[in-house]
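Trainee: Since chain A is already given, all that's left is putting chain B on it; use the hints.
Going line by line, the protein sequences match chains A and B. In case it helps, our numbering puts the first sequence at residues 1 to 317. In case it helps, our numbering puts the second sequence at residues 1 to 480.
Every clue listed holds true.
Pairs of lysine-lysine, DSS-like flavour, derived with a Cα cap of 27 Å:
(1) B:K329 <-> A:K313
(2) A:K205 <-> B:K342
(3) A:K205 <-> B:K379
(4) B:K237 <-> B:K421
(5) B:K184 <-> B:K474
(6) B:K174 <-> B:K101
(7) B:K9 <-> B:K172
(8) B:K174 <-> B:K163
(9) A:K205 <-> B:K295
(10) B:K379 <-> A:K313
(11) B:K9 <-> B:K138
(12) B:K329 <-> B:K379
(13) B:K259 <-> B:K421
(14) B:K184 <-> B:K174
(15) B:K39 <-> A:K313
(16) B:K342 <-> A:K120
(17) B:K366 <-> A:K205
(18) B:K329 <-> A:K120
(19) B:K293 <-> B:K237
(20) B:K57 <-> A:K313
(21) A:K205 <-> B:K249
(22) B:K9 <-> B:K39
(23) B:K295 <-> B:K249
(24) A:K313 <-> B:K54
(25) B:K293 <-> A:K205
(26) A:K121 <-> B:K249
(27) B:K329 <-> A:K205
(28) B:K138 <-> B:K172
(29) B:K329 <-> B:K370
(30) B:K87 <-> B:K121
(31) B:K249 <-> A:K120
Keep in mind the hints are simulated off the structure, nothing from the lab. Remember, it's a predicted structure, so these values are computed and weren't measured experimentally.
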Amino acid sequence: MELRSNAWQTTAAFFSKYGIYFAFVLLAGILAITSPPFRTLSNVENILQQVSVNGIIAMGMTLVIITAGIDLSVGSVLALSAVVATSFAHPDEHLLIVPVAIGILVGLACGTVNGVLIAKKRLAPFIVTLGMMTVARGVALVYTSGRPVINLSDPYNEIGGGSFADIPFPAMIFFAVILLGIFILHFTRFGRHVYAVGGNELAAKVSGVNTDRVLIGVYALTGALAGLAGIVLSSRIMSGPPATGVGYELDAIAAVVIGGTSLSGGVGSIAGTIVGVLIIGVMNNGLDLLNVSSYWQQIVKGVIIVLAVLLDKKAKQ
Amino acid sequence: MALNGVQLKVARGEVHALLGENGAGKSTLMKILSGLVQKDGGEIYLDENQVEIKSPKAALDLGISMIHQELNPVRAMTVSENIFLGKEPCFRFTNVVNRRKQRELTRALFGEMDVSINPDKKMSDLLVAEMQLVEIVKAVSYNARIIIMDEPTSAITGREVEKLFAIIRSLKSKGIAIIYISHKMDEIFRISDTITVLRDGQYVETRPAKELDRDTLVKLMVGRKISELFPKVKSEKGEVAFEVEGLTKHGLFENISFKVRKGEVFGLAGLMGAGRTEVMETVFGLRRADAGKIKINGREVRLQSPAAAIRHRLALITEDRQMKGLNLKASVRDNITLSNLKSFSRFGQVLQFQRENQAADAEMEKLRIKARNRGQIVKTLSGGNQQKVVLAKWLLNNPEIIILDEPTRGIDIGAKAEIYKIIAQLAEQGRTIIMISSELEEIMGLCDRVVVLYHGKVSAEFGRHAFSQETIIKAAMGTN
Numbered sequence: 001m002e003l004r005s006n007a008w009q010t011t012a013a014f015f016s017k018y019g020i021y022f023a024f025v026l027l028a029g030i031l032a033i034t035s036p037p038f039r040t041l042s043n044v045e046n047i048l049q050q051v052s053v054n055g056i057i058a059m060g061m062t063l064v065i066i067t068a069g070i071d072l073s074v075g076s077v078l079a080l081s082a083v084v085a086t087s088f089a090h091p092d093e094h095l096l097i098v099p100v101a102i103g104i105l106v107g108l109a110c111g112t113v114n115g116v117l118i119a120k121k122r123l124a125p126f127i128v129t130l131g132m133m134t135v136a137r138g139v140a141l142v143y144t145s146g147r148p149v150i151n152l153s154d155p156y157n158e159i160g161g162g163s164f165a166d167i168p169f170p171a172m173i174f175f176a177v178i179l180l181g182i183f184i185l186h187f188t189r190f191g192r193h194v195y196a197v198g199g200n201e202l203a204a205k206v207s208g209v210n211t212d213r214v215l216i217g218v219y220a221l222t223g224a225l226a227g228l229a230g231i232v233l234s235s236r237i238m239s240g241p242p243a244t245g246v247g248y249e250l251d252a253i254a255a256v257v258i259g260g261t262s263l264s265g266g267v268g269s270i271a272g273t274i275v276g277v278l279i280i281g282v283m284n285n286g287l288d289l290l291n292v293s294s295y296w297q298q299i300v301k302g303v304i305i306v307l308a309v310l311l312d313k314k315a316k317q
Numbered sequence: 001m002a003l004n005g006v007q008l009k010v011a012r013g014e015v016h017a018l019l020g021e022n023g024a025g026k027s028t029l030m031k032i033l034s035g036l037v038q039k040d041g042g043e044i045y046l047d048e049n050q051v052e053i054k055s056p057k058a059a060l061d062l063g064i065s066m067i068h069q070e071l072n073p074v075r076a077m078t079v080s081e082n083i084f085l086g087k088e089p090c091f092r093f094t095n096v097v098n099r100r101k102q103r104e105l106t107r108a109l110f111g112e113m114d115v116s117i118n119p120d121k122k123m124s125d126l127l128v129a130e131m132q133l134v135e136i137v138k139a140v141s142y143n144a145r146i147i148i149m150d151e152p153t154s155a156i157t158g159r160e161v162e163k164l165f166a167i168i169r170s171l172k173s174k175g176i177a178i179i180y181i182s183h184k185m186d187e188i189f190r191i192s193d194t195i196t197v198l199r200d201g202q203y204v205e206t207r208p209a210k211e212l213d214r215d216t217l218v219k220l221m222v223g224r225k226i227s228e229l230f231p232k233v234k235s236e237k238g239e240v241a242f243e244v245e246g247l248t249k250h251g252l253f254e255n256i257s258f259k260v261r262k263g264e265v266f267g268l269a270g271l272m273g274a275g276r277t278e279v280m281e282t283v284f285g286l287r288r289a290d291a292g293k294i295k296i297n298g299r300e301v302r303l304q305s306p307a308a309a310i311r312h313r314l315a316l317i318t319e320d321r322q323m324k325g326l327n328l329k330a331s332v333r334d335n336i337t338l339s340n341l342k343s344f345s346r347f348g349q350v351l352q353f354q355r356e357n358q359a360a361d362a363e364m365e366k367l368r369i370k371a372r373n374r375g376q377i378v379k380t381l382s383g384g385n386q387q388k389v390v391l392a393k394w395l396l397n398n399p400e401i402i403i404l405d406e407p408t409r410g411i412d413i414g415a416k417a418e419i420y421k422i423i424a425q426l427a428e429q430g431r432t433i434i435m436i437s438s439e440l441e442e443i444m445g446l447c448d449r450v451v452v453l454y455h456g457k458v459s460a461e462f463g464r465h466a467f468s469q470e471t472i473i474k475a476a477m478g479t480n
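This is chain A alone, in the form it adopts within the complex (with noise of 0.2 Å):
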């Protein structure tokens, strides 16, 4: 009796730390089974190459999101640091480390803005970056006249559509990231403070730990994060439309909440997040091999996010 209500709640405890895996693998296999064209090797660089920008921006979130915060403002921040990189990579003008240099610090200073009105004027984060989501497609919209910036040199083109050894650039851009975000948060002193700011902020600032600066590196890098996006984003559809990335705040905000990190703060981890980015991937992907209609993939997307954080909860109970 003992015995088995202890190996029932060893059991309960692992499925709750892994369950969000399982759901991973769960959803892949079911489509490896359904759809023959699902399991090939170029549809899974195909994944890849699709769920890097979205991956990229939620390493940032989770960050963000870890110290009770959010930021909005990804999707409208990639598009400026899009547009601006690509008006600096027309063919024969620039070197290519110019453009990329340049998105990744226009993203660097909207990340910037918002983490210093967020520290140290007190606002929401909410209100903050939903402003600064504003403010940053309106830049790029007056920067560019509403029109997409065209005719961009064919290095910068590669970033985005070229690979190597059959692993698409995107892919490997976002694979650096992942390790950047486990190295921070994980093994780092800042990535320490952030959960401590996330899970007490008075106690966190009483214990001498700088949290204005916290905040605000978790803002810029973030927004940074959203920059380089924005490059891997032009450079695959080979123009930089001001009008991009609409929504893909709240693509990262699910992907991160469904890898388990709590919105209230304190809590999560970069692993997590990696698959509920590969969730949110693999679902798009699948979906759309099975043919099903656009309309009904967000259905469907709505219901699995809601899903699997409610199994989540469940299953810490």
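Mentor: Quick look at chain B alone, frame taken from chain A:
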């Protein structure tokens, strides 16, 4: 198993104190009675009828209501809205709240219990003590026959406690039974008729309060004799290590001056709201002073942030460990090393887990923190162990000047004794201890010297030989 074979018999119109260390099972028992937790076995009888309490609503319907230790009012609503939450008086045949009637009913309840709070005030504008009174009125308003009070005086002092006791007596006279949970011995002896002691989830004994004295009670609770709760502090008093001169923050405190020597245990007494916590938070850089100086080892310093205070080897063990002391969602290790991470990092950033783990383990052992391992989430620890985690965090910094704000609030006697021992050891190591406490016993048992604050001003200073319970109370009430 949190509770095993426990019995409790409460008579009508009696105050029945429930005692035991943290983790003894008091809360679990009360949660079962108030319907928050379901029992695995046993029976509950009310007026000789067996009853099942399946939900908090069922408990209320049976006339059992509970006042929780952590007050949880809806702060944005008014006093009367809070009292009638879920049972608002409505106009007939409608669902529209009759605010006037609600207000009148509140006034009537307040009148009955001699409470003078404006029913239209926002809950968030009340003092903690007033919120406590509102909670009591609310509990009574359910026509309760049994009221469970969990540490009702943990947030109030002096006059308000008297008021609470007056209310309890009038409830008694109406035949209402009170189950009273508290760690404060003097209160228990003053107010209770019968005492039941639990230990480790087991029933120990029930006896009339008159037949018990402190020592016997402690022995029953702890299961071993604490011949001396307070250790003798055998420390050498050295140079003045810490000095505050004319510290002022308008509206909070004025012209506060005191000196503390190395190896001294210095007490800061006073009623709640006298400004004790505010003075120490200012010293620690959490607030900006309007005037005054702070000197450490004779040199004037400016402490504009907690980080600066920590660099000057100060530590602040805050009054409210859950609000300001701990990250409840993080592990024991992550809490212990938080303010000292730099010394476990390469290049100031890259964490060295092995060294960090060793340090956390060492502190856990030194302070005898009862946790499964360093990875246990702090939220799941008992209050005493949580407080030890806060202490461990600060001791890891090897501070010279240690400020403890109500270091034993809400923790049981066993853990208290351990904390007193740690404080004595720290003083013996030549550190400077400043302790804020509302418990006079604690001040008198440990401190070499005490300064009493009243309304933000120093009202008296006593050396160890000169203070008594009476003189300190008088100074704290401003009647010296």
